[in-house]
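*Asks:* Now for the letters of each chain:
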Amino acid sequence: MKHLPTHRLTADAKMAYALIAPAALFIAVFMLYPVFYVIMMSLFKTNKLGILQQWVWFDNFTRLMKDPVFWQVTGRSLLWTAIAVIVKTVVGMIIALCLNVEFAGRKFARMLFIIPWASSVPISAMLWKWVYDHEFGLLNHTLTLLGISNPPVWLGMPTWSFVACIWVDIWIGIPFMALVFLAGMQSVSRDLYESAEVDGVNAPQKFFFITIPCIKQIVFIATLLSSLWTFNDFNTIYILTRGGPAGATDILITSIYKNGFEWLRFSDAAVMAVVTFIILMVFALVYARTYFRGGDDAL
Amino acid sequence: MKKLTYRNRYKIPVVLLTLALLFVMLFPFFVMLSTMFKGSTEIYVRPPYWIPKTFAFGNFVKVWSEYHLFGYFMNSLLVGLGTTALNSIIIIPAAYAIARFRFRGRSFALYSLLAMQMFSPVIIIISLFRIYVKLNLLDKLGGLILANTVITLSFTTWLMFGYFASIPKEIEDAARIDGCTRMGTLTRIMIPIAAPGLVTAMIYTFIQAWNDFLFPLSFINAQKKMPLTLGIYQFVGRWSTQWEMLNVAAFIALIPVLVLFFIIEKQLVAGLAGGAVKG
Chain A
1 MKHLPTHRLT
11 ADAKMAYALI
21 APAALFIAVF
31 MLYPVFYVIM
41 MSLFKTNKLG
51 ILQQWVWFDN
61 FTRLMKDPVF
71 WQVTGRSLLW
81 TAIAVIVKTV
91 VGMIIALCLN
101 VEFAGRKFAR
111 MLFIIPWASS
121 VPISAMLWKW
131 VYDHEFGLLN
141 HTLTLLGISN
151 PPVWLGMPTW
161 SFVACIWVDI
171 WIGIPFMALV
181 FLAGMQSVSR
191 DLYESAEVDG
201 VNAPQKFFFI
211 TIPCIKQIVF
221 IATLLSSLWT
231 FNDFNTIYIL
241 TRGGPAGATD
251 ILITSIYKNG
261 FEWLRFSDAA
271 VMAVVTFIIL
281 MVFALVYART
291 YFRGGDDAL
Chain B
1 MKKLTYRNRY
11 KIPVVLLTLA
21 LLFVMLFPFF
31 VMLSTMFKGS
41 TEIYVRPPYW
51 IPKTFAFGNF
61 VKVWSEYHLF
71 GYFMNSLLVG
81 LGTTALNSII
91 IIPAAYAIAR
101 FRFRGRSFAL
111 YSLLAMQMFS
121 PVIIIISLFR
131 IYVKLNLLDK
141 LGGLILANTV
151 ITLSFTTWLM
161 FGYFASIPKE
171 IEDAARIDGC
181 TRMGTLTRIM
191 IPIAAPGLVT
201 AMIYTFIQAW
211 NDFLFPLSFI
221 NAQKKMPLTL
231 GIYQFVGRWS
241 TQWEMLNVAA
251 FIALIPVLVL
261 FFIIEKQLVA
271 GLAGGAVKG
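Same order as they appear, the protein sequences are chains A and B.
Mapping the first sequence onto my numbering, position 204 (from 1) lands on 204, and the numbers just tick up by one.
Mapping the second sequence onto my numbering, position 200 (from 1) lands on 200, and the numbers just tick up by one.
The set of hints was computed from the structure by calculation and includes no laboratory data.
Keep in mind the model is a prediction, meaning the values are calculated, not measured.
Cβ atoms here follow ideal geometry from the backbone N, Cα and C, with glycine treated the same way.
Incorrect hints may have been included.
What the hints assert, rightly or not - Cross-link-like lysine-lysine pairs, in silico, BS3-like; alpha carbons within 30 Å at most:
(1) B:K140 <-> B:K224
(2) B:K224 <-> A:K258
(3) B:K169 <-> A:K14
To be verified - So the derived label-pair ranges between C-beta atoms look like this:
(4) B:Y49 <-> A:G200: 46 to 56 Å
(5) A:L25 <-> B:I177: 27 to 37 Å
(6) A:D67 <-> B:P47: 37 to 47 Å
(7) A:K45 <-> B:V259: 45 to 55 Å
(8) B:V133 <-> A:E102: 54 to 64 Å
(9) B:I177 <-> A:E194: 44 to 54 Å
(10) A:T62 <-> B:T241: 38 to 48 Å
(11) A:A82 <-> B:P47: 34 to 44 Å
Model the full assembly from the supplied sequences, consistent with the hints where possible.
*Replies:* Next up, the structure:
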């Protein structure tokens with residue numbers, strides 16, 4: 001590999017490039033060029049049609065850095081991701097532990113748990129919008145029956161809207177976590193647990209000293225992937241609240257869209273897109289490194 | 001008397017906890033099943049109730065014709081099949097090349113494939129819009145097919161690469177000694193052996209295209225060109241929403257993806273979490 005002749009391509013290499021060409025072309029035209037264009041937009045003054053007008057260096061960046069709303073939105077993006085991923089991990093782990101116990105119908109239960117992940121995100125968000133309806137929705141009705149006398153107006157108040165949105169995102173993300181953790185737990189050797197039982201180790205000890213160390217790598221990859229999906233979740237927020245009320249549920253990804261398509265502030269949208277792009281690149285590099293370190297001998 | 005082991009002792013609380021968690025996780029689908037059979041007069045009643053007083057099976061017929069669901073359904077089907085076809089044509093040669101050839105930039109290609117899976121289409125949605133204006137791709141199903149192909153490309157190539165790479169080289173070598181050309185080994189040996197992988201990649205692509213909401217929201221204005229997600233989103237009106245219709249439509253839109261998802265679920269988990277998890 002290191003000693004490939006530089007002056008001339010082997011027949012194999014030529015063929016390989018020809019086979020990859022269509023994919024590379026597609027990525028170049030519909031992914032790389034748009035990324036390049038959005039970087040240009042962030043460095044130019046743009047008009048209401050998004051056409052580049054005047055090179056302004058980093059003026060768009062400095063202007064947005066001074067805007068408290070930008071920092072609020074960025075901060076909320078990170079908070080949104082952190083809270084959602086923690087809850088997904090914990091609940092996912094609980095479900096995985098339940099499904100790891102042998103009981104009749106556990107295969108069926110596993111199947112049912114997958115449904116929120118298998119379902120289409122935009123459709124789920126629309127269903128939840130109806131569930132949350134504060135007058136006719138069955139959620140508040142059920143909560144009342146369970147003894148919560150004054151359930152909140154979910155999508156009307158800033159804080160409750162945020163809670164409502166993040167819950168839907170969590171709900172979508174839980175099944176993936178549960179499935180991956182369960183797959184990990186089932187790959188842990190039975191002998192480890194049995195010899196621990198002989199030594200009189202109790203259940204929590206088994207979990208913390210056998211299960212967790214054995215599935216550490218899987219937990220890390222799943223958490224990383226989930227952070228990314230959570231950070232990128234456009235559909236849930238846009239469909240439930242469109243970032244409202246009064247911007248209380250806006251995160252970077254919805255803000256990019258609203259700046260671009262609703263307020264026609266293309267340069268602002270572009271700056272946020274570039275910031276998001278950088279954050280995602282960091283995630284991507286960490287993911288790629290861990291993935292390959294995980295014993296994949298493909299390279 | 002049977003010894004009370006670890007598993008037995010915890011069985012009853014675990015089953016109860018599982019049932020409670022299932023109730024929470026399936027709650028919106030229970031609401032959907034309840035709402036979709038209610039007549040329009042039963043929707044706006046306080047307090048709401050679970051079991052419809054009369055089952056309005058007419059909702060299905062009404063949503064299909066009066067609410068244009070048939071058109072949306074066909075558009076989603078076209079976009080899904082189109083994306084799947086285009087995606088397969090592009091990824092098979094690319095994945096094969098990365099799996100079998102040694103060439104400069106191969107590691108870079110592999111890293112990029114993995115990194116691109118982290119990409120969010122929202123980053124490029126504004127510039128893609130400008131490009132679509134220039135290429136006259138707005139309000140075209142073809143535009144949705146192209147966008148969805150790009151977004152699904154990296155993960156599906158990655159998946160196919162894994163399947164190709166796992167096929168022993170000797171099988172191919174034997175065929176080539178018998179006079180099979182390089183392309184012949186791909187179409188007659190590699191693709192048939194990797195068929196389960198290809199099916200996974202195709203189903204994944206179809207599901208992604210079927211569920212896509214961002215691209216139609218940005219690029220489609222004409223009602224005739226709307227896929228299901230955007231079409232159903234139109235039911236959410238500014239002042240009022242036909243909730244029973246939305247729930248019926250959601251039910252119809254979900255059936256195909258749920259069925260398809262269960263076919264590929266194990267391979268999908270394995271593909272995403274890497275070598276650490278084997279489906």
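*Asks:* Evaluate each hint against the coordinates.
*Replies:* Hint check results:
1. B:K140 <-> B:K224: holds, 10 Å
2. B:K224 <-> A:K258: holds, 25 Å
3. B:K169 <-> A:K14: Status holds; Cα separation ~20 Å.
4. B:Y49 <-> A:G200: 46 to 56 Å: holds, 53 Å
5. A:L25 <-> B:I177: 27 to 37 Å: Cβ of L25 of chain A to Cβ of I177 of chain B: about 34 Å, so the range 27 to 37 Å holds.
6. A:D67 <-> B:P47: 37 to 47 Å: For D67 of chain A and P47 of chain B the Cβ distance comes to about 45 Å; the hint holds.
7. A:K45 <-> B:V259: 45 to 55 Å: With a Cβ separation near 50 Å, K45 of chain A and V259 of chain B satisfy 45 to 55 Å, so the hint holds.
8. B:V133 <-> A:E102: 54 to 64 Å: holds, 59 Å
9. B:I177 <-> A:E194: 44 to 54 Å: holds, 50 Å
10. A:T62 <-> B:T241: 38 to 48 Å: holds, 43 Å
11. A:A82 <-> B:P47: 34 to 44 Å: holds, 37 Å
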